[in-house]
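Undergrad: The chain contents come next:
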Amino acid sequence: MQGSRNATKAIEFKSGTFSATTAIIRDTNAMHLADAMHALLGGRPDFFAGEPAILDFSQLQKLPERVDWPGLTSLLRRYRLQPVVVRHLPESLADSARKAGLAVLHGDESLKTVAPPPAPQTKAAPVEPPAAAPAPSIPSTPKGSMLLDRPLRSGQQVYARGADLVIIGGVSNGAEVIADGSIHCYGPLRGRAIAGAVGDNSARIFTTALGAELVSIAGVFRTFEKGLPEAVAGKPAQIRLVNEANTQQIRLDPLVLS
Amino acid sequence: MKTVVVTSGKGGVGKTTTSASICTGLALRGFKTAVIDFDVGLRNLDLIMGCERRVVYDLINVVNKEANLHQALIKDKHCDNLFVLPASQTRDKDALTEEGVEEVLKGLEHQGFDYVVCDSPAGIERGAVLALTFADEAIVVTNPEVSSIRDSDRILGILQSKSRRAKEGREPVKEHLLVSRYSPKRVEEGEMLSYKDVQELLRVPLIGVIPESEIVLQASNQGTPAIHLTGSDVAEAYLDVVARFLGEERELRFVSYEKPSLLKRIFGGA
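Those sequence lines, one after another, are chains A and B.
Note that the numbering used here numbers the first sequence so that position 84 is 84, with each residue one more than the last.
Note that the numbering used here numbers the second sequence so that position 51 is 51, with each residue one more than the last.
Heads up, some of the hints might be wrong.
[What the hints assert, rightly or not] Listing some non-contacts, in silico: residues in chain B with all C-beta distances to chain A over 10 Å: (1) Gly30; (2) Lys65; (3) Thr90; (4) His110; (5) Asp151; (6) Gly157; (7) Glu171; (8) His176; (9) Gly223; (10) Arg250; (11) Leu252; (12) Tyr257.
[Claimed, not checked] Heads up, simulated SDA-like pairs for lysine to any residue below, C-alpha to C-alpha not over 25 Å straight-line: (13) B/Lys174 <-> A/Val158; (14) B/Lys196 <-> A/Glu230; (15) B/Lys10 <-> A/Glu213; (16) B/Lys196 <-> A/Ala233; (17) B/Lys162 <-> A/Gly187; (18) B/Lys167 <-> A/Met146; (19) B/Lys10 <-> A/Arg150; (20) B/Lys162 <-> A/Gly174; (21) A/Lys226 <-> B/Glu145; (22) B/Lys167 <-> A/Ala233; (23) B/Lys196 <-> A/Val158; (24) B/Lys174 <-> A/Val166; (25) B/Lys196 <-> A/Tyr186; (26) B/Lys196 <-> A/Thr208.
Quick caveat, the hints were computed from the structure, so don't treat them as lab data.
Don't be surprised by glycine CBs; every beta carbon is placed ideally from N, CA and C.
Excised from the complex, chain B in its bound form (with noise of 0.2 Å):
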């Protein structure tokens, strides 16, 4: 089993939905796949993937054995193969343990499955460093902009000292970087930094961009991953992302902006 954090330091920039699109990739792609909102507090994970209604038991619930994995997995309304774990939303974050996280991922390697997703808190306090402690692999999400690339930098900082892998001194946890809120052209414009750039400061191989669309806030609103959402540019990334993810040569699209052309800014666009 793998277990994957999903992570960036600041709030707001895509880590649920980058969470809720990249497990939906890996179930689409025929693996048993888990996702824990460890978000315990906030609880936002459920509402994207649209089973908040089914939401019975919780993370902390589990960590408490007040109940078991198995009643409190809920099963994906879209893949039969995955399944979400989501936050309390009545406890605050001091009850979620490390020996309980680690029981909770024990569990989950126990029942089959191949990928565990951890959708990180925003900020560097206990949520946050317990869903990357027993990472092997992160997704840092980050926006094209210097806040964001400073946050991302210190949650780097902190995988690499508070990682189980770190701990115990083996392989480090596998960084990706995937810059999220893209605009090609406002990249062109000159107001907005570029992919590139945002590589060259953090020094992560880059997993993937997700342009910046409005697709994303009608797929939140609808409790339906925006990978879900066939034929968009954010699903085509996304899926570029978890074809990536799994060791595959994607090409980089939706990166460059080109000018609207005479026939299009006549007759309107497609």
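Bound conformation, chain A alone (with noise of 0.2 Å):
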């Protein structure tokens, strides 16, 4: 935009930053990823708007021989995330990745993430905080809230992006409210809720009457194929994300409002 007054170049560089997703993969058979991405995102086609990406590789559970690149990035650009650079990745992988026209980053210590404790569903966990944060256990101080005073209906879907989501009214089967801080949902809350969606483990779900298909903090969910536990079905509840045996566990407890 600024080039106009230019006009006569074509093209001009300038240094910027610019914040991506980092994508932490520990498994790359596009199959099983294509399943855990699924389970984490309920297969929705644009959950990430278009972000760039970049792929780690630093916690690879095994060497893999080949990487399917074309499966891999394309898996990635169905959730509408543009991979652009892969890092950590295995010297044998990294000729086949630049063929794959991703760049290569090497080993550059300063960005290393520190990883929090692998999600115990979950094979891979695409979602993390970008590179720059340091630990993940200290939590993101969202930036205030998103009120939404209308009941969310089935096939809807809500995004408070860096804040707590505030629901008045209540949320329907089917639909799906999703916050990168807390969410708070006065009335029935039936559908999915994602709170922590960027790695915010100290995020927490409330609601006044719990009928959740899915709640998931921080990437760590919890789906109820054979119901909710009865202390805390239909009945106000607090979902967090606590440490048991060095795994991160969804506790669901009921809520005392006296």
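Take each chain as given, in its own frame, and dock them per the hints.
TA: Put into structure tokens, the structure is as follows:
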């Protein structure tokens, strides 16, 4: 835009920084990843809104002989995530990544992120805070809150980016609420609730009547195929992430409102 | 003029039956009423209203200015102040445009109509969205089963986001829940969700409960809106719905099941 004064210049170079999503890939099998992403993001095609992504291989569980780059990148693009760079990739795979049109960054220690403990139910956690985040245990303070004063109906979705989400009126089955911070739902929470969407594991979910299909905090999720525990079903509840036996687990507690 | 959409998301729940009975009920109360079939390509309303043999022009003809409203509106055979605007059977739903629908509604207002009832097609596509775009009030027809409830919920969301009222930030479309094909016996036996369950899930004010009845099929075969079958449960329930729609208080009927008494069982039902 600024280049309009220099309309004669066909190209200009400027340095700058931009934030990108880091996808920490622990398993390169495209099928496994597709399953994990589907479980995490519910097969929603536009979760990422075209954000650029860094593919981080520092936590690979085993060294694969080859990686199906076209399969991997098209899978990420299906969720509108644009893979541009790979890093911490074993040397044996670097060439194939370059051929697939990805830039290869070598072990730049300053970029290294401390990854949170692996989510218990997932093989891959594609949503991680941007590279600069030092330690995941420090809660990223949400900038404010987003208020929604109508019920959210099946098929509707709301994302409170960088904020808490307050819903008055409830969330129907088949609807989805996502917040980078906590979710407060005054009314029945029946759809999917995803708090701490970019990795804040201190985020919580509160509701006056729990009936959720899925709850997730910082990528750790829980579904309720066999129904909700009786202590919380249809009752006021609070959902948070706790450390138990070295794994992070979703915990559901009744909320006493007196 | 008030525009009322009868919608549901799911098909086969009783939208057209409800549209026919509600527009008739409003006309019987003395309001000049039009009912528009938005189900372009399928065309059912004229059958239910019993005017299929008098269809010359349709909604698409009016939208495309191949006919004027006066030519296309079919006067109902029972009520003098009720008119049917049928859907086209030969065109596809893409022939319908938002501007075209708006113009038709303006034309109806100009002709002094009090109510326009829009019979929505099933689904959440163009036809269904256009049927609800200009609505002031919405009657969401739901069967007491989970898939119908889910689809009604979806359509309520679309109502909140795609209606003119929502887009212009005016007072939201007034929503009414109509539970249809209700069987108190099956509810009693635990085979069917109760109307209270449905309402609890959708959180929309209940305007009525229509019992499941063979009368409905009979009425549609005859081309007579069910509300005309005086004395039947369904007709009574629809009369109540119209009364509640006009702001009157009516107690809910036909929602509880009474086991047939011993005498009835011995001597057969009345």
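Undergrad: Hint by hint, which ones does this structure get wrong, listed from lowest number up?
TA: 5, 6, 22 and 23
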